[in-house]
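Starting from the known structure of chain A, fit chain B onto it as the hints suggest.
Chain by chain, the residues run as shown.
Protein chains: 2
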Amino acid sequence: MEPRISLVTLGVADLSRSRAFYERLGWRASSASTDTVVFFQAGGMILGLYPRRLLAEDARLDPQGSGFGGITLAHNGRGKAEVDRLLAEAVAAGATLLKPAEDACWGGYSGYFADPDGHPWEVAWNPFFPIADNGTISLPE
Amino acid sequence: MEPRISLVTLGVADLSRSRAFYERLGWRASSASTDTVVFFQAGGMILGLYPRRLLAEDARLDPQGSGFGGITLAHNGRGKAEVDRLLAEAVAAGATLLKPAEDACWGGYSGYFADPDGHPWEVAWNPFFPIADNGTISLPE
Numbered sequence: 001m002e003p004r005i006s007l008v009t010l011g012v013a014d015l016s017r018s019r020a021f022y023e024r025l026g027w028r029a030s031s032a033s034t035d036t037v038v039f040f041q042a043g044g045m046i047l048g049l050y051p052r053r054l055l056a057e058d059a060r061l062d063p064q065g066s067g068f069g070g071i072t073l074a075h076n077g078r079g080k081a082e083v084d085r086l087l088a089e090a091v092a093a094g095a096t097l098l099k100p101a102e103d104a105c106w107g108g109y110s111g112y113f114a115d116p117d118g119h120p121w122e123v124a125w126n127p128f129f130p131i132a133d134n135g136t137i138s139l140p141e
Numbered sequence: 142m143e144p145r146i147s148l149v150t151l152g153v154a155d156l157s158r159s160r161a162f163y164e165r166l167g168w169r170a171s172s173a174s175t176d177t178v179v180f181f182q183a184g185g186m187i188l189g190l191y192p193r194r195l196l197a198e199d200a201r202l203d204p205q206g207s208g209f210g211g212i213t214l215a216h217n218g219r220g221k222a223e224v225d226r227l228l229a230e231a232v233a234a235g236a237t238l239l240k241p242a243e244d245a246c247w248g249g250y251s252g253y254f255a256d257p258d259g260h261p262w263e264v265a266w267n268p269f270f271p272i273a274d275n276g277t278i279s280l281p282e
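Chains as they are written, first to last, in my numbering: chain A, 1 to 141; chain B, 142 to 282.
If you are wondering where the hints come from, they were derived from the structure by calculation, not from laboratory data. Beta carbons: idealized from backbone N, C-alpha and C, even for Gly. Treat the hints loosely; a few may be bogus.
Short, incomplete list of chain B residues facing chain A, as computed with Cβ under 7 angstroms [claimed, not checked]:
id, residue
1, Ser147
2, Leu148
3, Gly152
4, Trp168
5, Ala170
6, Ala173
7, Thr175
8, Ala197
9, Gly208
10, Gly211
Quick list of the computed label-pair ranges, beta carbon to beta carbon [claimed, not checked]:
id, chain 1, residue 1, chain 2, residue 2, range
11, B, Gln205, A, Ala13, 33 to 43 angstroms
12, B, Asn275, A, Ser31, 22 to 32 angstroms
13, B, Ala233, A, Glu102, 36 to 46 angstroms
14, A, Ala13, B, Asp176, 31 to 41 angstroms
15, A, Ala13, B, Ala233, 30 to 40 angstroms
16, A, Gly26, B, Ala154, 29 to 39 angstroms
17, A, Pro140, B, Arg219, 22 to 32 angstroms
Isolated chain A (complex conformation) (with noise of 0.2 angstroms):
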């Protein structure tokens, strides 16, 4: 299996009011997005919205559940005042703000914030992960 992730999709409550938040944040929506899902492309993979209980009936899963989700999504920028500034940039979007960003301990720099649903997004700064002109994040070998 080729070590990428194509697409990741979140399960959403409220699929108009997630695309807003989404577009509100700088993204487009891809005309093949429906009534019934929408596509943002992301650098060289997709996100997509859908509605939770489909997601979950698509997988054969029981769409029951609470609390935290167990992933989280992370954005990172080209250093601090690029995280302080999309982090309110999201909240201006409607995000809640679940950490303010701050100096974290493996030398870094990162906050967190939740989308409409609750998915949780952090968004960094980590100098040991260069990131490319065209968005591309690279890890020691």
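Below, chain B alone, put in the same frame as chain A:
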């Protein structure tokens, strides 16, 4: 906010077990990995594995949670046969098959497995979302 996801971090109960699972899938852990966190380069982004309790703490969230987490990951292949092969490889590596691949109403072919912590992965072929040689997937604008 540029439309991109830098990292997806999976909260795990047993870091060694999860690392070994993804390594059996053919993924190679970065030298930036430690006893507490594991990173895999996944195309232009990163998959992280981190103890679930610490992940929740980092986001200032209550670690309690059960049932469907409301997020799925997907790995898209280049044809139906590849989807079948990848699902079989995942099961051989210790995954639980949630849904054998089948033709989907949207014109593709898709199945699901769960990783050792139950994180659901779709394995799919989508003839409308082409995959480049380097693994990036593209939506229509």
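Ascending list of hint numbers which this structure does not respect: 5, 7, 11
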